[in-house]
Amino acid sequence: MKGVNIMAITAAQNIQQSAMNSDSYNLDSHEIAYEPWELGSGSDPLKLAKRRVLMRETLETAVAEHPWQWPKQPIIFVSDAHADAEAFSESLLASGGVRLNRRGGFILTALGRKAVFVIGGDCLDKGPSNLALLRRIKMLIDCRAKVKLLAGNHDVRLLVGLRALSLPKHCDTEHMFARMSPKVIPLLLEIYQEYVQGKKSALKGVPSAEICRQHLMPAEAWAERFSASAQGRMSADNLQRELARMRKKIAGLENAFLDAGMNIREVYATAKVCQKLFLKRKGEFSWFFKTMQLAYRSGSFLFIHAGLDDEVISIIESDGVKKVNKIYKKQIEKNLFDFYYGSVANTMRTKYRDVDMPLTKEAVKSAFREGIHAVVHGHRNRLEGQRLMLRQGMLHIEGDITMDRNSRIKEGLSGIGIGATIIEPQGWVLGISNDYPAIKVFSPARYLQ
Numbered sequence: 000m001k002g003v004n005i006m007a008i009t010a011a012q013n014i015q016q017s018a019m020n021s022d023s024y025n026l027d028s029h030e031i032a033y034e035p036w037e038l039g040s041g042s043d044p045l046k047l048a049k050r051r052v053l054m055r056e057t058l059e060t061a062v063a064e065h066p067w068q069w070p071k072q073p074i075i076f077v078s079d080a081h082a083d084a085e086a087f088s089e090s091l092l093a094s095g096g097v098r099l100n101r102r103g104g105f106i107l108t109a110l111g112r113k114a115v116f117v118i119g120g121d122c123l124d125k126g127p128s129n130l131a132l133l134r135r136i137k138m139l140i141d142c143r144a145k146v147k148l149l150a151g152n153h154d155v156r157l158l159v160g161l162r163a164l165s166l167p168k169h170c171d172t173e174h175m176f177a178r179m180s181p182k183v184i185p186l187l188l189e190i191y192q193e194y195v196q197g198k199k200s201a202l203k204g205v206p207s208a209e210i211c212r213q214h215l216m217p218a219e220a221w222a223e224r225f226s227a228s229a230q231g232r233m234s235a236d237n238l239q240r241e242l243a244r245m246r247k248k249i250a251g252l253e254n255a256f257l258d259a260g261m262n263i264r265e266v267y268a269t270a271k272v273c274q275k276l277f278l279k280r281k282g283e284f285s286w287f288f289k290t291m292q293l294a295y296r297s298g299s300f301l302f303i304h305a306g307l308d309d310e311v312i313s314i315i316e317s318d319g320v321k322k323v324n325k326i327y328k329k330q331i332e333k334n335l336f337d338f339y340y341g342s343v344a345n346t347m348r349t350k351y352r353d354v355d356m357p358l359t360k361e362a363v364k365s366a367f368r369e370g371i372h373a374v375v376h377g378h379r380n381r382l383e384g385q386r387l388m389l390r391q392g393m394l395h396i397e398g399d400i401t402m403d404r405n406s407r408i409k410e411g412l413s414g415i416g417i418g419a420t421i422i423e424p425q426g427w428v429l430g431i432s433n434d435y436p437a438i439k440v441f442s443p444a445r446y447l448q
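Take 0 as the starting number for the sequence shown in numbering that gives the first Met the number 0 and just add one per residue.
Honestly, I wouldn't trust all of these hints.
Unchecked claim - Taking lysine-lysine and the BS3-like style, the derived pairs with C-alpha atoms no more than 27 angstroms apart in a straight line are:
| # | residue 1 | residue 2 |
| --- | --- | --- |
| 1 | K137 | K279 |
| 2 | K328 | K125 |
| 3 | K325 | K360 |
| 4 | K137 | K360 |
| 5 | K364 | K137 |
| 6 | K125 | K271 |
| 7 | K182 | K350 |
| 8 | K125 | K203 |
| 9 | K247 | K279 |
| 10 | K333 | K182 |
Claimed, not checked - Simulated DEER-style distance windows between Cβ atoms:
| # | residue 1 | residue 2 | range |
| --- | --- | --- | --- |
| 11 | A227 | R51 | 33 to 41 angstroms |
| 12 | R102 | K409 | 54 to 62 angstroms |
| 13 | E316 | P35 | 29 to 37 angstroms |
| 14 | G204 | R134 | 24 to 32 angstroms |
| 15 | L53 | A109 | 21 to 29 angstroms |
| 16 | K360 | A255 | 16 to 24 angstroms |
By construction, these hints were calculated from the structure, which means they are not laboratory data. Positions of the beta carbon are idealized from the N, C-alpha and C atoms, including for glycine.
Can you make the complete structure from the sequences, with help from the hints?
As structure tokens, then:
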């Protein structure tokens, strides 16, 4: 395939071949190129030496609070597939967890039967086909793989918009369908083309264009009412940022859909079909949001889409990761405002910027006491495979390798992104990517001897 790193893919293929009959990875294989996985980026010797000291100090601080624990099963982490089914499939193949049958379906290897597949969120938007990717994920689930599907900000944006359409008009939520634009338009266009376009009865019962606008768009006085309602529930800066963002989205919403080939009545009809597909029990994609969770923990590793903040760590410290997942489910069903603008959704979009909810060193120490020593996440796309970083003294394994072809074009990369992050119970983490010439190997024992 043009533009992929042949060395990395050959290594991944060798892993895939050996995994068919083995339930773990062989790091002694001479056919595979490995290298120690260093903190950060760059190869300057002085900076590298400093980063190694920093990594050792970080890990020593963590294990002083709680011993390091490895998962009992291998974990295969793939994140941010962004509507690229081919990239997703090739990444699973490269991980060694699956092979293909004659019809192109997944068959679990010996490794795959033992492993947990963690899909790190952001399955939707950007790539060539949302529906094709969703059907591929379901194929993985249907072959009896143990799958943990995490919520990403792109995924939840759709869920919030569809749920808001079913609610009585209220300033807290009436803007949430419009808020999805323009990123959700390709997905809605797919739904329109498959289920609405050219169907004689598709617009039967759909109200007038004006009524459709009233359903899909916030009221004229929305901004004023939203500002009043959000007082004390959002920071002043975040409120102003949200209002500015929404003014732009509302102004361009209808034209954006027209440019895609849908008038407002067709958009409304498509949205209703989308609700049936994703939110109704018998809908083809009802499994997607139903099985989705915010976080997953195994051993000392916490898997989450973007990252942590003090409030979420406090909940984990007092009630565990299960409580965080329960709060996510409850808020997404009953309180969209608190969910979308609160700490729970922050875990899906944080990049540890000033505008994001804070993560402090005190909270990190609390996480260490709970035995959480590493956060495995997506969200931040990398151009040379996975990366190890420290955030307030806590190890973060960045696993978004820029999989979808459209994002790669924007980043100056070729083809599709292929890769996975694998955590082995024997005590190492592997980073596989076709944008890096070797498989990266991280072992805490290297620093803790």
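We went through each hint and held it up to the structure:
1. K137 x K279: Satisfied, since the Cα-Cα distance of roughly 17 angstroms is no more than 27 angstroms.
2. K328 x K125: 26 angstroms, holds
3. K325 x K360: Holds - the C-alpha atoms of K360 and K325 are around 26 angstroms apart, at most 27 angstroms.
4. K137 x K360: 39 angstroms, violated
5. K364 x K137: 38 angstroms, violated
6. K125 x K271: It holds: about 22 angstroms lies between the C-alpha atoms, which stays within 27 angstroms.
7. K182 x K350: 20 angstroms, holds
8. K125 x K203: This hinted pair is violated, its Cα atoms lying about 31 angstroms apart.
9. K247 x K279: 32 angstroms, violated
10. K333 x K182: 25 angstroms, holds
11. A227 x R51: 33 to 41 angstroms: 53 angstroms, violated
12. R102 x K409: 54 to 62 angstroms: For K409 against R102, whose Cβ atoms are near 34 angstroms apart, the range 54 to 62 angstroms is violated.
13. E316 x P35: 29 to 37 angstroms: Holds - the Cβ-Cβ distance for E316 and P35, about 33 angstroms, lies within 29 to 37 angstroms.
14. G204 x R134: 24 to 32 angstroms: This hint holds: roughly 28 angstroms between Cβ atoms.
15. L53 x A109: 21 to 29 angstroms: 38 angstroms, violated
16. K360 x A255: 16 to 24 angstroms: 43 angstroms, violated
Hint violations for this structure: numbers 4, 5, 8, 9, 11, 12, 15 and 16, all remaining hints satisfied.
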